[in-house]
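Visitor: Residues per chain are reported as follows:
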Amino acid sequence: MTDALHASGLHRTYRLPRRGPFEPGPVRTAVDGVDLTVAAGARLGIVGESGSGKSTLVRLLAGLEAPTAGSVTAGGRPVVASGSAAAMRWFRRETGVVFQDPYASLDPRMRIGSIVAEPLRALRVPGVHADLVRAVLERVDLPADAADRYPHEFSGGQRQRIAIARAVVHGPRILFGDEPMSALDVVVRARVIELFRSLADDLGLTLVLVSHDIGVVQRLCDTVVVLSDGRVVEQGPVSLLDAPQHPVTRALVAAAPTLP
Amino acid sequence: MSGTTDQRTARDGLEVRGLTVRIAGRTVLDDVTFTVPPGRRVGVIGASGSGKSMTSLALMGLEPTGAEVTGSIRLDGTELVGLRDRERARHRGSGIGMVFQEPGTALDPLRRVGAQVAEPLRLHRGLDRRAAATAAVALADAVGLPDPASLLRQYPHQLSGGQRQRICIAMAMAGSPAYLVADEPTTALDVTTEARILELFERLSTDRGTGMLFVTHDLAVLARIADTAVVLDHGRVVEQGSVRTLLDAPQHPATTALVDAARATARLTGGST
Amino acid sequence: MIRRLLTRPTGCFAVVVLGLLVVLALVSLVWTPQDPFRADPFRQWAPPGPAHWFGTDASGRDIASYLLAGTRTTVLVAAGSGVVASVVGIVLTAVGSLTTRWVREGTAVLLDILVAFPTLLTAMLLTAVFGGSLGIVVVSVGLSFGVTIARVARGEIRRIARSDYVVAARASGVGPLGVLTRHLVPNAAPLFTVQLSLAMATAVLAEAGLSYLGYGAGSDTASWGNLLADLQTYIGVHPWSATWPGAAIALVVAALSLLGDAVRDATDPRLTTGDRAARGTAATDRTAGTPGPGGDRAPDADDPATTTPGVTA
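Residue numbers (the numbering used here), protein chains in the order written: chain A, 1 to 260; chain B, 1 to 273; chain C, 1 to 313.
Just so you know, the hints here were simulated from the structure itself, not pulled from any lab data. The structure displayed is predicted, hence computed values, not measured ones. Nothing false has been slipped in among the hints.
Output of the computed footprint for chain C on chain A, the stretches with three or more beta carbons under 8 Å from beta carbons of chain C:
| id | segment |
| --- | --- |
| 1 | 82-96 |
| 2 | 100-108 |
Computed list of chain A residues with no C-beta within reach of chain B, every gap over 12 Å:
| id | residue |
| --- | --- |
| 3 | D3 |
| 4 | T13 |
| 5 | D141 |
In this text, a Cβ means the ideal position worked out from N, Cα and C, and glycines have one as well.
The task is simple: from the sequences and hints, build the whole structure.
Guide: As structure tokens, this is what we get:
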């Protein structure tokens, strides 16, 4: 079975603003040599502290940023983030991304219907777009008239549902999430976790989820990768979080809130 | 003035009675009553829109213009509701301090953090610039910042989220307030930093006898930091008591919803689903 | 949209005044109460009356007719500089945002230099070279403001381009042209609109100022600036006469300035739909409480420290 995603030797460095007129800016390494394989249908959680490179890693995997070195392939085909929109169309068709901030990921000047239909337009998906949009909005438990309204009329949790709807409306096979629950309050978070799970089950999605929240990862993922300073320090089935080996993993698990 | 050691023994606590806040005809808080005993940590918990943030703003007298506030807020015996802003301001920082949710936006990006910590020190303790600078270093150390002298020379954007929140806590504690209000202080931080900041709050309240009020939507956070909590739903207090009791035997549906949500998102211990 | 404009006091004022201006300009093409240029030495300083609604000036010219004729000039100046500013602004913004790195950086530096030239100075310079005319006023104001618009819009576009919703659009497969037309332009439009209306308001003022200094349109063109310049020399003797062109200029400038704000507000979905609670948050692009550890985001190593004024008040 072909792997859904394969990353090899991923590096991503940034040049920070220069400190003086003659010295080049310092280089910051966000991802430092990561090899990763995600099987089709797998649910992968990427965890790590703030600054560990997990957000950058998921953006590299989702083809939103180009690696400084290394490569990403999806189903054997290379993913070239700097490629033209037309060249990347095959990949965009197969993938959907949900971002962290529900207040920033929806264009405030567009109606919900247009926002959710955007992948359908851009990817020239056949079918009646209005119907597809209506169906997906219903699937994420939003009222029928939502398509005519604007983002500011919805709460954070509802906006995140809209973002999820947009991410799956075109029938992708892989769903990426960059801390999609972090900006939601706990009651809403519980519901969105449920939504992710049911969507992934119903649509047979491969899930790649970045989270700093161990609880979310334990509930949604079957494999986990732990990042620290841009490197993978531990990986394996999600059960490893019950008995973490590496000190970074231990610290993360210990810090995660539990209820007495 | 409140906060001196003599008066600490005779403190009544931060007493809120029948606090009602109306904005543009809408009742945001309705007859809210609870007390933060001196030196104890109390939580205010509720879902989004329950009015919990308005509670913290009302305590500080920072509610939006046009809001009508009725009821009573007593700070160790002094009534705060109805005071003019100038008189109210005298209690801010020295009687009651506040820590906000977003350390990134709570700090002035154009000033070094040392100057920002020194400002309330000069204001409340009347220190001159040099003395304030020294006191700022001591305060930065007290909130657990490493290498305080050189860290204070940096700008907010050069610090991590956790460090910035420590700076905000230092600023809030600068006036040695008897009470501290923290509005979702760890929501914007990652989980390991959150744990450490909660420890800091705990240490500060124990060492300095500062009463604390934590506003949050997360029972798991509350369980770690507060002994008792008040549950808000649509602006009303629907339940209050020890956190333990709220978790084990919630009475009101709003509380049950919060407990269920917390259980549905908390870390699973011992064997996965 | 006109309806929405009219419901707000500022919008109403702006639309009414400017509508009146345009109507009067059209009327003046076919009719004025008297010949605006006919000097009648026996009728100097006539008080307002049925024959001369606003009275006459030192040469006996009918002020009302002159004012009416002047509406044409005002409309031409405002509209002309608006067009020039738009074209210059759009071209420079495009060059400053959509090209390769070095061209972008070079444009940024160029814009910073050009912005430093005061409008009136530019006008005087061009007048000295090409002679005074309405065209010079239009071109100089248009150029100055076009450059300001570009500088401001460029920063705004870069800010928008970094938003999550633009990244989301790319993730959905939208190409650069789609991102530009569907996201960048609509979200940068409010800022552009406000700056444009300020440009037009400044143009009217600049025309008045330049005429006063003798640099603007020649005295054979009826312009409010010319009239004001003439009448204010007599302000000690006939103080009321100068109020007519003065008030006209003030009204139109105010209307133009407010028009931009009103249009921006009328087209912002956050202010035109939804309940009142949402309106309070429209003033900032984000509502309070957008938490989440953001430590992993890429620093924008490309970004010179451009300050951008806020999009809304």
